[in-house]
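Given these sequences and hints, build the entire structure.
No gaps in the numbering here: position 78 of the sequence shown is 328 in our numbering, and each next residue is one more.
Check the hints yourself; a few may be wrong.
Result set (EDC-like, lysine to aspartate or glutamate): computed pairs, CA atoms no more than 16 Å apart in a straight line [what the hints assert, rightly or not]: (1) 404 x 342; (2) 401 x 351; (3) 310 x 357; (4) 316 x 351; (5) 316 x 306; (6) 310 x 336; (7) 401 x 336; (8) 305 x 336; (9) 359 x 336; (10) 404 x 391; (11) 401 x 357; (12) 401 x 362; (13) 316 x 281; (14) 316 x 342; (15) 316 x 329.
Keep in mind that the hints were calculated from the coordinates and are not lab data.
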Amino acid sequence: MQTVSAWSNRNGGTCWLTPYHHNTKLSTAHETHRRRLKAGASRSETIESLVGLLKEHTTKSQAPVKSLLANQVESAAVEVATTWIDCSTYIDNAPNDLINEIAVLPEVKSIDEPVVMAFAESKSGVQEESAVDEVSGWGVDRIQAPALWAKGIKGDGIVVASIDTGVRYTHEALK
Numbered sequence: 251m252q253t254v255s256a257w258s259n260r261n262g263g264t265c266w267l268t269p270y271h272h273n274t275k276l277s278t279a280h281e282t283h284r285r286r287l288k289a290g291a292s293r294s295e296t297i298e299s300l301v302g303l304l305k306e307h308t309t310k311s312q313a314p315v316k317s318l319l320a321n322q323v324e325s326a327a328v329e330v331a332t333t334w335i336d337c338s339t340y341i342d343n344a345p346n347d348l349i350n351e352i353a354v355l356p357e358v359k360s361i362d363e364p365v366v367m368a369f370a371e372s373k374s375g376v377q378e379e380s381a382v383d384e385v386s387g388w389g390v391d392r393i394q395a396p397a398l399w400a401k402g403i404k405g406d407g408i409v410v411a412s413i414d415t416g417v418r419y420t421h422e423a424l425k
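Dropping the structure here:
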């Protein structure tokens with residue numbers, strides 16, 4: 251059971267729900283996709299299959315929360331959105347009693363209030379777009395990275411490596 255005392259003195263709020271989603275079936279499916287790729291399956295088919303699995307998993311694991319929301323939400327002001335890449339749900343303007351009901355669901359791992367940060371203004375007042383942003387933007391959007399960044403998940407502690415004779419180390423995206 252999650253405690254949500256941070257909202258006790260407010261008239262509702264915005265929260266991110268993260269369900270328990272590390273299960274054997276998902277781990278096994280991930281390994282199956284790895285084996286398919288190593289066995290010669292096309293990369294695009296493997297990616298499509300894995301994305302489909304993640305979306306299906308998100309739909310199934312969020313079903314109890316979605317059901318509760320469908321039965322409890324009477325106000326059109328309450329907004330709900332999900333992200334399949336991390337299997338989370340975003341709820342805006344949720345009343346406290348609804349947040350507390352959701353918190354006791356066994357499928358809910360955590361409920362977090364989004365962190366609001368102010369950006370320091372650049373010296374010139376205008377931010378310059380880099381070539382890297384233009385080159386890599388489509389992939390960033392495709393994996394829903396902006397939704398994770400909005401939750402404060404920046405990838406800290408993750409190491410990404412590539413050993414491939416086809417990598418050009420001078421490419422703009424690698425600077």
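**Prompt:** In ascending order, which of the hints set out earlier in this document are inconsistent with the structure?
**Reply:** 1, 2, 11, 13
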